[in-house]
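Trainee: Next come the chains, spelled out residue by residue.
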Amino acid sequence: MADEPLVLGIETSCDETGVGIVRGTTLLADAIASSVDTHARFGGVVPEFASRAHLEAMVPTIERALKTAGISAKDLDGIAVTAGPGLAGALLVGVSAAKAYAYALNKPLYGVNHLASHICVDQLEHGPLPEPTMALLVSGGHSSLLLAPDITSDVRPMGATIDDAAGEAFDKIARVLDLGFPGGPVIDRLAKEGDPKAIAFPRGLTGSRDPAYDFSFSGLKTAVARWIEAKRNAGEEVPVRDVAASFQEAVVDVLTRKAVRACKDEGVDHLMIGGGVAANSRLRALAQERCERAGIRLRVPRPGLCTDNGAMVAALGAEMVARNRPASDLELSADSSLPVTEPHVPGEAHAHSHDHDHVHEVSKKNLYS
Amino acid sequence: MLLLAVDTATPAVTVALHDGTAVVAESSQVDARRHGELLLPAVDRVLAEAGLKLDAVTDLVVGVGPGPYTGLRVGLVTAATFGSVLGVPVHGLCTLDGLAYASGIEGPFAVATDARRKEVYWARYEDFRTRAGEPGVDRPADIADELSGLPVVGAGALLYPESFPQARGPEYQSAGALAALAAEKLAEGSAFLPPTPLYLRRPDAQVPKNYKVVTPK
Ligand SMILES: [Zn+2]
Numbered sequence: 001m002a003d004e005p006l007v008l009g010i011e012t013s014c015d016e017t018g019v020g021i022v023r024g025t026t027l028l029a030d031a032i033a034s035s036v037d038t039h040a041r042f043g044g045v046v047p048e049f050a051s052r053a054h055l056e057a058m059v060p061t062i063e064r065a066l067k068t069a070g071i072s073a074k075d076l077d078g079i080a081v082t083a084g085p086g087l088a089g090a091l092l093v094g095v096s097a098a099k100a101y102a103y104a105l106n107k108p109l110y111g112v113n114h115l116a117s118h119i120c121v122d123q124l125e126h127g128p129l130p131e132p133t134m135a136l137l138v139s140g141g142h143s144s145l146l147l148a149p150d151i152t153s154d155v156r157p158m159g160a161t162i163d164d165a166a167g168e169a170f171d172k173i174a175r176v177l178d179l180g181f182p183g184g185p186v187i188d189r190l191a192k193e194g195d196p197k198a199i200a201f202p203r204g205l206t207g208s209r210d211p212a213y214d215f216s217f218s219g220l221k222t223a224v225a226r227w228i229e230a231k232r233n234a235g236e237e238v239p240v241r242d243v244a245a246s247f248q249e250a251v252v253d254v255l256t257r258k259a260v261r262a263c264k265d266e267g268v269d270h271l272m273i274g275g276g277v278a279a280n281s282r283l284r285a286l287a288q289e290r291c292e293r294a295g296i297r298l299r300v301p302r303p304g305l306c307t308d309n310g311a312m313v314a315a316l317g318a319e320m321v322a323r324n325r326p327a328s329d330l331e332l333s334a335d336s337s338l339p340v341t342e343p344h345v346p347g348e349a350h351a352h353s354h355d356h357d358h359v360h361e362v363s364k365k366n367l368y369s
Numbered sequence: 001m002l003l004l005a006v007d008t009a010t011p012a013v014t015v016a017l018h019d020g021t022a023v024v025a026e027s028s029q030v031d032a033r034r035h036g037e038l039l040l041p042a043v044d045r046v047l048a049e050a051g052l053k054l055d056a057v058t059d060l061v062v063g064v065g066p067g068p069y070t071g072l073r074v075g076l077v078t079a080a081t082f083g084s085v086l087g088v089p090v091h092g093l094c095t096l097d098g099l100a101y102a103s104g105i106e107g108p109f110a111v112a113t114d115a116r117r118k119e120v121y122w123a124r125y126e127d128f129r130t131r132a133g134e135p136g137v138d139r140p141a142d143i144a145d146e147l148s149g150l151p152v153v154g155a156g157a158l159l160y161p162e163s164f165p166q167a168r169g170p171e172y173q174s175a176g177a178l179a180a181l182a183a184e185k186l187a188e189g190s191a192f193l194p195p196t197p198l199y200l201r202r203p204d205a206q207v208p209k210n211y212k213v214v215t216p217k
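These protein sequence lines map, in sequence, to chains R and E.
Each residue of the first sequence is one higher than the last, beginning at 1 in this note's numbering.
Each residue of the second sequence is one higher than the last, beginning at 1 in this note's numbering.
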């Protein structure tokens, strides 16, 4: 349909410089430049390296996306950008570029929420989101269970990790096993050849008195590391494949169990899974199995759309345009701790309550103090 | 000719339009924490004051630092994005050269800006148009002897009067001065720097504890 909004989206919240272009729910381009190789030798994302890489990659990635989409920037209906949450310095590069781009083209600017974008991206794969949608977002940066009655205006947190993100646990266990960074893909691969029942690792926060939808992976991480250490101290060989499989099983067991329970409790018949860990083959398989048993339809985008990318930002931006949500203004801040309850950041003229102390977080050195 | 100059390498968020002869409009705000919020509205204001639209700009000029990184990148990515959309060249200039030019000093002197962490970014000049050597980053006490007897321009000098007794203004960068310098260079046909940051320091290559945590707790 020619009258669907044509939107360019910019994502720079972590280590991927992503620029996507969509028309409504159709993906036209998804250009990515990643600095993951730089971070690999440090075993995690170094914020200053990420910011430097975003600056270098920003304009070439925009130009590449436009070329792939075969459209003229003049025809865009809006520019969307991740306003937060994320690494402050990294977000700032994308937000500054998006503002300059929107201003130079005289197009509306939409500062959107990274987490809501992870949910909305599934529209590019499976069509319009059912309302409401339950979403499980799992990556190196987030582990959240969200209920989204309207992805442009109403996203409710059901639960989240109280310590490490799920992907972080994968990275840390990979480090203990000397498997390199990032840990997700290599653990997934090794786990296929291991026995998930070989070692009974703990399932965090699954007691009857524990919060029903929150997650904890810190205890699991410690238990796995101790188990490996004990083997090494005893001079025994570590069964890497079994450890990988048993650890992975503990993570995906808890994630899927809680997600399905949230769907049942809320009477939601759709579960969406997004974020980098959604690429994990065992998570996809177990979620499919449990959703089928519970009569829930599972929607998981292809792995390339699960990890951070510009297409997801464009997808949410297009939805903002389609639903006539107010645009952001040129004072838009990069907000490293943008709450998930704010799917987008409307301009001053439209903001109901504007908390200035909260908004000016860009100069924070990073998120970790 | 219409130059749009921006510099966000120092606490000043500064924007100017220059027509090749003189500064047409300028905006400078000093707020080290809000470069991202202030720059685009300032561009809009300056263009409105001149009664012009962005597409009238023929050349972009950007201060490439040295400067604390987070703010510095705002000006650079903004200039690069404008350059891409407008299809006009983006010329890089050392931020310290703008302060030197603004000082108008005819003899030898130095420029110093605040590099935080008790250090300054600095460079020596033969005169206000001519830098002598590459900019550096050092503790004021470590370069006090080398610069003794010389006027030292900029906030980095004024911040450490015990090391720089001849500290003087201008304190803050002005995009008007940067644009005027660029206009001279364009007229002479002399070279610019690439529009990429002068970081000087190596990044802290440390993965923060609880890295990559982007979910609000
Ligand atoms: Zn993400």
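Quick caveat, the hints were computed from the structure, so don't treat them as lab data.
Beta carbons: idealized from backbone N, C-alpha and C, even for Gly.
Please note that a few of the clues may not be correct.
Sample of chain R residues with no beta-carbon within 12 Å of chain E, all distances over it, derived [said to hold, decoys possible]: (1) R52; (2) G89; (3) E131; (4) G207; (5) A230; (6) A294; (7) I296; (8) L332.
Here are some, though not all, of the chain E residues that point toward chain R, as calculated from beta-carbon distances under 7 Å [what the hints assert, rightly or not]: (9) S27; (10) L52; (11) Y172.
Trainee: Checking a non-interface call: every C-beta of chain E should be farther than 12 Å from the C-beta of R/A230. Is that right?
Mentor: Its Cβ never comes within 12 Å of chain E, the nearest being 25 Å, so this holds.
Trainee: Please verify that the nearest CB of chain E lies beyond 12 Å from R/R52's CB.
Mentor: 7 Å, violated
Trainee: Looking at R/I296 again, its CB stays over 12 Å from all of chain E?
Mentor: At roughly 24 Å from the nearest Cβ of chain E, R/I296 sits farther out than 12 Å, so the non-interface label holds.
Trainee: R/G89 clear of chain E by more than 12 Å, beta carbon to beta carbon?
Mentor: At about 5 Å from chain E, R/G89 fails to clear the 12 Å cut-off, so the statement is violated.
Trainee: Beyond 12 Å on every Cβ pair: is that true for R/L332 relative to chain E?
Mentor: Per Cβ check, R/L332 is inside 12 Å of chain E; nearest 8 Å; violated.
Trainee: Can you verify the interface hint for E/L52: is its Cβ closer than 7 Å to any Cβ in chain R?
Mentor: 14 Å, violated
Trainee: Does the no-contact call for R/A294 survive, Cβ to all of chain E over 12 Å?
Mentor: 26 Å, holds
Trainee: Is the hint on E/S27 kept, meaning its closest Cβ partner in chain R is under 7 Å away?
Mentor: Constraint on E/S27 not satisfied, violated at 13 Å.
Trainee: Would R/G207 pass as off the interface with chain E, using Cβ distances and a cut of 12 Å?
Mentor: For R/G207, whose nearest Cβ neighbour in chain E is about 21 Å away, the distance exceeds 12 Å, so it holds.
Trainee: Would you settle whether the hint for E/Y172 is holds or violated, based on the nearest Cβ-Cβ distance to chain R being less than 7 Å?
Mentor: 17 Å, violated
Trainee: Checking a non-interface call: every C-beta of chain E should be farther than 12 Å from the C-beta of R/E131. Is that right?
Mentor: 23 Å, holds
Figure legend: structure checked against the earlier numbered hints; hints not met, in rising order: 1, 2, 8, 9, 10, 11.
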